[in-house]
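Model the full assembly from the supplied sequences, consistent with the hints where possible.
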Amino acid sequence: MGIQDIFADNKIKYKKLVGLRKNITPQESIVCPKCKNAVEEKLLAKNKYICGYCGHHFKMPVMDRIKMLCDEGRFIEFQKDLTTKDPIQFPDYDKKLHDAAEKSKSKEAVVTGVIGIKDITAAIAVMNSDFLMGSMGTVVGEKITALTEYAGKKGLPLVIFTASGGARMQEGLFSLMQMAKTSAAIEKYKEKGGIYISCLTNPTTGGVSASFATLGDIIIAEPEALICFAGPRVIEQTIGRSLPPGFQRSEFLSEHGMIDIVCERNKLRDLIYKIIKIHTLNNAEIKKGNENG
Amino acid sequence: MAEITSYERVERARSKDRPLITDYIKALFDDFIELKGDRLAKEDPSILGGIALFHGMPVTVIGHRKGRTTEENIKYNFGMASPEGYRKSLRLMKQAERFKRPIITFIDTPGAYPGMEAESSGQANAIAENMAAMSTLKTPVIAVVTGEGSSGGALALAVADRVFMLENAVYSILSPEGFASIMWKDPSRAAEASEVMKLTAQDLYEYKLIDRIIPEKGLYKNLDKSLKASILKLKSYDDEELIGRRYKKFRTIDGEYKPAVL
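Protein chains in written order, with the numbering used here: chain P, 1 to 293; chain U, 294 to 555.
No lab work stands behind these hints, which were simulated from the structure alone. Remember, predicted model here, so these are calculated numbers, not experimental data. A few of these clues could be false.
[As the list claims (entries may be wrong)] With a Cα cut of at most 30 Å, we get these calculated DSS-like pairs of lysine-lysine:
#1 P:Lys188 x U:Lys368
#2 P:Lys107 x U:Lys501
#3 U:Lys478 x P:Lys103
#4 P:Lys188 x U:Lys528
#5 U:Lys541 x P:Lys154
#6 U:Lys541 x P:Lys80
#7 P:Lys192 x U:Lys431
#8 P:Lys153 x U:Lys431
#9 U:Lys541 x P:Lys107
#10 U:Lys541 x P:Lys85
#11 P:Lys34 x P:Lys80
#12 U:Lys431 x P:Lys154
#13 U:Lys431 x P:Lys80
#14 U:Lys387 x P:Lys192
#15 P:Lys105 x U:Lys478
#16 U:Lys478 x P:Lys107
#17 P:Lys192 x U:Lys541
#18 U:Lys514 x P:Lys188
#19 U:Lys478 x P:Lys34
#20 U:Lys387 x U:Lys514
#21 P:Lys85 x P:Lys46
#22 P:Lys188 x U:Lys478
[What the hints assert, rightly or not] So these bits of chain U aren't anywhere near chain P, every CB distance computed over 10 Å:
#23 Thr298
#24 Ala522
#25 Arg544
Yeah, the Cβ is synthetic: ideal placement off N, Cα and C, and Gly gets one too.
This is the structure in structure tokens:
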């Protein structure tokens, strides 16, 4: 069986952009920040949180993303209940955490586990920017590291979706150290031959962009995502003028050679499947023909 | 003696009279030869690197460079490195590994440079690659935080087997001004931020995030002694043990969890 055969039955049929109903009420709709059209919320969810008018990628809830990637019933979550020990006893942090958990319906800023897509199994992490802006503290660092080690041990491909404001302020230097910890784990995993696919979504910044997010063997980004080390506001303050449109967005990074592929959300599952498939075919024999004809 | 506040430590760490990397090199090493350039795009003078002898032993020295005068500081961008600086550092570290030279880094930076060009050239990736590569270097690495160690720009040179801090150095997730600006939208509350951030050598030693505090009375002598002892210890490990220990050192920074085995 050749590569073409494997992919032949793999044309995932995505629904066309869902049709839009006129005269929707403000209660049922949200305004697209890009085209300013009112978009019906229910339809938006059905359409993978992509605006039906202009293709703008809204924030996608973590579990919707996992559902989008994974075959039904083939997601197993790891370390679901891990919560921070508040390492530097930061004032009012416990209240912040409590509010974040309520708002995001999640205990921390990343969900990790394994997913199944057809004939493959992959280790997966999806960051949750609704939980304290997806910031990385000890729990995020620990979950990403434990997942990476697990993927290495089991010989699984590793897929991480990032969305983060950077290192978490309330855990001080402990947060910064998670950059070193996750980077070391990824490096070890890659040295052992693992394939790491990093998928950058809006926004991926600071300590997350400067650690595991940009260490992918293959780096994918969703369209128009903000991807940077220093945020636009900090840069504007430093240089004393405003930034050109599109600066630090996926397409800009692509032009500067920082990412491999800018991919629309509705093509991501297919793309990730194909990349993983190619990496599992490393040792496939070419059966017909030899060098001497 | 009255207790020194965290913000006083910040002020001391930033003081104009504080030794610079060039002073440490002069005091601790012989025959320093500066090596320049990342071999990709350019030379970033805000990171200084080179080879030298330490008690007759070849070593690689890398660190953030600040200036004494305004003119120098502009030239060295106040110790705020660009991606090219981190890539130069990576090149020199890989070179040190080939020749089995221990690496000593000196950390003193307000952070990685937040400029347009730095972003376009991949600041995030340059820092990430530096940390990842350092985690598996088959040669001893010792990092010394000498002044202000702020953000990923500091950590990019500090994924080391031993992390020392000078008595009045600070090491933090970002500058106290940046922290106050993010948390309270008010950079003028930097002093208050300094207290809650836990950024002094004394705090961080307590948290086991650093290995040693270097007293500043008799600074060079103390640092020389500590560097020598640690290099000798680290040189006694074979490659596998050295890297294994370094991995574990960062793996177990977790704010009280036992590392999970899934």
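Taking the hints in turn, this is what the structure says about them:
1. P:Lys188 x U:Lys368: Status violated; Cα separation ~37 Å.
2. P:Lys107 x U:Lys501: Between P:Lys107 and U:Lys501 the Cα gap is close to 27 Å, so the pair holds against 30 Å.
3. U:Lys478 x P:Lys103: Since the Cα atoms of U:Lys478 and P:Lys103 sit roughly 22 Å apart, the hinted pair holds (cutoff 30 Å).
4. P:Lys188 x U:Lys528: 22 Å, holds
5. U:Lys541 x P:Lys154: The hint holds at about 20 Å.
6. U:Lys541 x P:Lys80: 24 Å, holds
7. P:Lys192 x U:Lys431: 16 Å, holds
8. P:Lys153 x U:Lys431: Distance of about 22 Å is within 30 Å: holds.
9. U:Lys541 x P:Lys107: Holds, at roughly 26 Å.
10. U:Lys541 x P:Lys85: The hint holds at about 20 Å.
11. P:Lys34 x P:Lys80: 35 Å, violated
12. U:Lys431 x P:Lys154: Judged against 30 Å, a Cα distance of about 26 Å means the pair holds.
13. U:Lys431 x P:Lys80: Between U:Lys431 and P:Lys80 the Cα gap is close to 36 Å, so the pair fails against 30 Å, i.e. violated.
14. U:Lys387 x P:Lys192: Holds. U:Lys387 to P:Lys192 sits at ~19 Å (cutoff 30 Å).
15. P:Lys105 x U:Lys478: 27 Å, holds
16. U:Lys478 x P:Lys107: Distance of about 26 Å is within 30 Å: holds.
17. P:Lys192 x U:Lys541: Distance ~17 Å between P:Lys192 and U:Lys541 Cα, so the pair holds.
18. U:Lys514 x P:Lys188: 37 Å, violated
19. U:Lys478 x P:Lys34: 27 Å, holds
20. U:Lys387 x U:Lys514: 29 Å, holds
21. P:Lys85 x P:Lys46: 38 Å, violated
22. P:Lys188 x U:Lys478: Violated, because 39 Å separates the two Cα atoms, which is more than 30 Å.
23. Thr298: With a cut-off of 10 Å, U:Thr298 remains clear of chain P, as the shortest Cβ separation is near 17 Å.
24. Ala522: 24 Å, holds
25. Arg544: Violated, since 6 Å does not exceed 10 Å.
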